[in-house]
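Enquirer: What follows is the residue order along each chain.
There are 2 protein chains.
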Amino acid sequence: MTYSQAILGGDRLALARLLTQVENDVPESRTALIELFPHTGKAHLIGVTGAPGTGKSSLVNQLALYYRKTKEKRVAIIAVDPSSPFTGGAVLGDRVRMRDLSGDTGVFIRSMATRGSLGGLAQSTANMAQVFDAAGFDIVIIETVGAGQSEVDVARLAHTTLVVEAPGLGDDIQAIKAGILEIADILVINKSDRPGVENTEKALKSMLELAHPTERVFQHHGQSMRTAAPRQDSSSAPMWIPPIQRTVATEGKGIAELAESIALHVAYLTQSGGWGLRERARLEVELEALIREKLLNRFREDVPQKRYDEILEKVIQRNISPWEAVRMLIDK
Amino acid sequence: MTYSQAILGGDRLALARLLTQVENDVPESRTALIELFPHTGKAHLIGVTGAPGTGKSSLVNQLALYYRKTKEKRVAIIAVDPSSPFTGGAVLGDRVRMRDLSGDTGVFIRSMATRGSLGGLAQSTANMAQVFDAAGFDIVIIETVGAGQSEVDVARLAHTTLVVEAPGLGDDIQAIKAGILEIADILVINKSDRPGVENTEKALKSMLELAHPTERVFQHHGQSMRTAAPRQDSSSAPMWIPPIQRTVATEGKGIAELAESIALHVAYLTQSGGWGLRERARLEVELEALIREKLLNRFREDVPQKRYDEILEKVIQRNISPWEAVRMLIDK
Numbered sequence: 002m003t004y005s006q007a008i009l010g011g012d013r014l015a016l017a018r019l020l021t022q023v024e025n026d027v028p029e030s031r032t033a034l035i036e037l038f039p040h041t042g043k044a045h046l047i048g049v050t051g052a053p054g055t056g057k058s059s060l061v062n063q064l065a066l067y068y069r070k071t072k073e074k075r076v077a078i079i080a081v082d083p084s085s086p087f088t089g090g091a092v093l094g095d096r097v098r099m100r101d102l103s104g105d106t107g108v109f110i111r112s113m114a115t116r117g118s119l120g121g122l123a124q125s126t127a128n129m130a131q132v133f134d135a136a137g138f139d140i141v142i143i144e145t146v147g148a149g150q151s152e153v154d155v156a157r158l159a160h161t162t163l164v165v166e167a168p169g170l171g172d173d174i175q176a177i178k179a180g181i182l183e184i185a186d187i188l189v190i191n192k193s194d195r196p197g198v199e200n201t202e203k204a205l206k207s208m209l210e211l212a213h214p215t216e217r218v219f220q221h222h223g224q225s226m227r228t229a230a231p232r233q234d235s236s237s238a239p240m241w242i243p244p245i246q247r248t249v250a251t252e253g254k255g256i257a258e259l260a261e262s263i264a265l266h267v268a269y270l271t272q273s274g275g276w277g278l279r280e281r282a283r284l285e286v287e288l289e290a291l292i293r294e295k296l297l298n299r300f301r302e303d304v305p306q307k308r309y310d311e312i313l314e315k316v317i318q319r320n321i322s323p324w325e326a327v328r329m330l331i332d333k
Numbered sequence: 002m003t004y005s006q007a008i009l010g011g012d013r014l015a016l017a018r019l020l021t022q023v024e025n026d027v028p029e030s031r032t033a034l035i036e037l038f039p040h041t042g043k044a045h046l047i048g049v050t051g052a053p054g055t056g057k058s059s060l061v062n063q064l065a066l067y068y069r070k071t072k073e074k075r076v077a078i079i080a081v082d083p084s085s086p087f088t089g090g091a092v093l094g095d096r097v098r099m100r101d102l103s104g105d106t107g108v109f110i111r112s113m114a115t116r117g118s119l120g121g122l123a124q125s126t127a128n129m130a131q132v133f134d135a136a137g138f139d140i141v142i143i144e145t146v147g148a149g150q151s152e153v154d155v156a157r158l159a160h161t162t163l164v165v166e167a168p169g170l171g172d173d174i175q176a177i178k179a180g181i182l183e184i185a186d187i188l189v190i191n192k193s194d195r196p197g198v199e200n201t202e203k204a205l206k207s208m209l210e211l212a213h214p215t216e217r218v219f220q221h222h223g224q225s226m227r228t229a230a231p232r233q234d235s236s237s238a239p240m241w242i243p244p245i246q247r248t249v250a251t252e253g254k255g256i257a258e259l260a261e262s263i264a265l266h267v268a269y270l271t272q273s274g275g276w277g278l279r280e281r282a283r284l285e286v287e288l289e290a291l292i293r294e295k296l297l298n299r300f301r302e303d304v305p306q307k308r309y310d311e312i313l314e315k316v317i318q319r320n321i322s323p324w325e326a327v328r329m330l331i332d333k
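Residue numbers (the numbering used here), protein chains in the order written: chain A, 2 to 333; chain B, 2 to 333.
Pulled out of the complex, with its shape left as it was, chain A reads as follows (with noise of 0.2 angstroms):
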């Protein structure tokens, strides 16, 4: 029986061992994943993102823990922690986590330091989700810390992006990051039992505002922003309002109601059609990192070290500039 055979099949063993071998960048894992990629394409991808210390880790767990209990569901989880290139800084959420989840053969987590580039780092999680798809896990939780560039390619996997936020957190507004706020499809304060929440709601509101000018009407309506209801926009599809949803994970306050706008979304994205253009937009993603890939590794086959050593020299030396080099490297 073959590894992927063997994992269709629900062998706990030979999927912990994929995944480190995905993980690991081993090239023998490419058999497996092309085995496994026709049966991907039925999971929901959620990414979860937001600064260290909103308590991002007891709220998937709680997810994921409702999922179980509630739905059903078999859930992975991939903890994803690029802030720590050279340490591996997932550790400790781990173990964490495996109190509340350990032993329960529906639940798998998984947790992923930074190693090499950030590139390889979103494509190692895409493939690790798509093992988790093929297993058979309905939701496949992909959790990042911070909120830079690596975020939002992470979340760029994801069908459903939430961003978590925490009562003061920051000094002001600046801790909430324009950037993340953008790629949220549901906005999450959690920590909010603390002192601050509305500060941090209103916060989150006027950026939202900023960010999608006509909600303004919806607002002063006085309706909940919580509900989301879908709004006609000028090409007379209908349009996400990201929610924004209060959470106590600790008490597994809120949790049931973040499900169900999780929901709600997953609703919207069937019906909007934006489920297959996200599909779409991550798989090409996808392949043209594959396809750089494969580029560089020709490039090295094709060009002996010693010749590409001489002209680094040269540059180092400023005797030609990189653009030179590149010239006389790949152009001869």
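A hint or two may mislead.
[As the list claims (entries may be wrong)] Below, in silico cross-link-like pairs of lysine-lysine (DSS-like), each with a Cα-Cα straight-line distance of 30 angstroms or less:
1. A/Lys295 x B/Lys295
2. A/Lys43 x B/Lys295
3. B/Lys307 x A/Lys295
4. A/Lys315 x B/Lys295
[As the list claims (entries may be wrong)] To spell it out: a stretch of chain B is covered by chain A in this simulated footprint if at least three of its residues, at any positions, have a beta carbon under 8 angstroms from a beta carbon of chain A; those stretches are:
5. 29-42
6. 284-291
[What the hints assert, rightly or not] Listed next, with one range per pair, are the computed distances between beta-carbon atoms:
7. A/Thr71 x B/Arg319: 48 to 56 angstroms
8. A/Leu278 x B/Asn320: 55 to 63 angstroms
9. A/Val27 x B/Gly10: 48 to 56 angstroms
Think of the hints as simulated: they come from the structure by calculation, not from any bench.
Keep in mind that this is a model prediction, so the values were computed, not measured.
Heads up, the beta-carbon is just placed ideally off N, CA and C, and yes, glycines get one too.
Assemble the complex: chain A is given as a structure, and chain B must be docked to it using the hints.
Expert: Relative to chain A, chain B alone:
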């Protein structure tokens, strides 16, 4: 007179125009970059990174003022905001800075929000730094937000990297990222008049101990870490211990001491050969990025769009895997 001649002659307008072209990656900018390249290699590149709310911009501002007034250095500032992939988050910071620094021809400030890929951002930043270097700026400060892979990439451009923290930003030590700490040449605790500064310094010190275990001895002897006296490691080369520097940028406190630490780091790099190693590493990364770009461009010229789209469609339909698609597109 060509662009590059104008810039070498001190024409600020030509400089501003070229920087815009470089940021937008306009093909014409290449000629100027190639012509300017032999004139690079003199500037000291200083990277400044840290979470939002640490007061990085004020710190960079004060440092630039200090170098202008005390050392008569020409200073360029490149403010990169990788956290705002969609909106230009760095604009406001510029305006604030302008009050103190505008009108001084020895200072040039440029901000850049993320566009396109992260690789592109590091590349644009590197090119901008080269332009400033060739134009005769003695110091180029590259300021960037957050604590992700993007900052690591940007920091790798610099000879000296400052990581800025501030008391009371996060709930706990979580806010100080292990990864970012390891790229720090100098640690700055800005806003050090705030409560909690002792805790921040303690947290930084213990994280430094983890990163440099032998340092404990150094600390136990009660010496100030600020002077960061060179030590012998097993390879008998002197080793740099990141000093911790307290500042209150808004009041100009600690800036002279910080500048002194930076000068010590330059001396260390020069003595140890680290300067040359960092230059080499930077140019190697740059060359590889250009090679990747060139290879992808050539691929796009070689493969008709129609064929690419057909194969992508097969991937989306799960008829073939992305890896098989690459083989069909490249190995034909």
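Enquirer: If a hint holds in the structure, say so; if it doesn't, say that too.
Expert: Now for the hints, and whether the structure bears them out:
no., hint, in the structure
1, A/Lys295 x B/Lys295, "holds, 13 angstroms"
2, A/Lys43 x B/Lys295, "violated, 36 angstroms"
3, B/Lys307 x A/Lys295, "holds, 21 angstroms"
4, A/Lys315 x B/Lys295, "holds, 19 angstroms"
5, 29-42, "holds (count 7)"
6, 284-291, "holds (count 5)"
7, A/Thr71 x B/Arg319: 48 to 56 angstroms, "violated, 30 angstroms"
8, A/Leu278 x B/Asn320: 55 to 63 angstroms, "violated, 19 angstroms"
9, A/Val27 x B/Gly10: 48 to 56 angstroms, "holds, 55 angstroms"
Violation of the numbered hints given earlier is confined to hints 2, 7, 8; the remaining hints are satisfied by the structure.
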